[in-house]
Amino acid sequence: MSVDTVKPLTNPMTMKIIASSAVPTGAETEKVLQIANDAELADIAASGALQGVARVELNFPKFTDGRAFSQAVLLRRRYGFAGDIRATGDVLIDQLVQMHRSGFTSAVLAEGQNPEVAERQFARYSAFYQGDALQPRPLFAREGA
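The opening residue of the sequence shown carries number 1 in the working numbering; numbering runs sequentially from there.
If you're looking for bench data, these hints aren't it; they were derived computationally from the structure.
Hints should not be assumed to be uniformly reliable.
To be verified - Here are the simulated DSBU-like pairs of lysine-lysine, each with C-alpha atoms no more than 30 Å apart in a straight line:
| no. | residue 1 | residue 2 |
| --- | --- | --- |
| 1 | K16 | K31 |
| 2 | K62 | K31 |
| 3 | K16 | K62 |
With the hints as constraints, model all of the structure from the sequences given.
If you want it as structure tokens, here you go:
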């Protein structure tokens, strides 16, 4: 996995890692929805705000605030969001694997975090026994396990 490169989602251990200095500042062509970590997802989904959205950005105001993990799981499982879920804010390297397992597909690292070191986190684990937001079946129930 390389910085600013997304591998196909068929590989369960992929996540787009973006350095804080590499965040585009210009206008983007895709529809992006930023959701505060205290927002009610049920209200957002009921309003139709998720329709046509290519990316949802969930903010971590500080690394100890994990509400965005729950929001990502809900977006994937309950509301069926299939687009990019991006972590922003105080995103630290040691949170990335759990972010990915919760449904995040990209992350903007906090200032001072090294993207190359971040990518190595995904090489530490080849599989997980329990299911997660992206692969709900446990390891023993998957084909070829």
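Do the hints match the structure? See the list:
For the hint pairing K16 with K31, the CA-to-CA distance comes to about 18 Å; that is within 30 Å, so the pair holds. Among the hinted pairs, K62 with K31 is consistent with the structure: their alpha-carbon atoms are about 26 Å apart, no more than 30 Å. Between K16 and K62, the direct Cα distance comes to roughly 21 Å. Compliance with the 30 Å bound is thereby established for this hinted pair.
Checked against the numbered hints listed earlier, the structure breaks none of them; every hint is satisfied.
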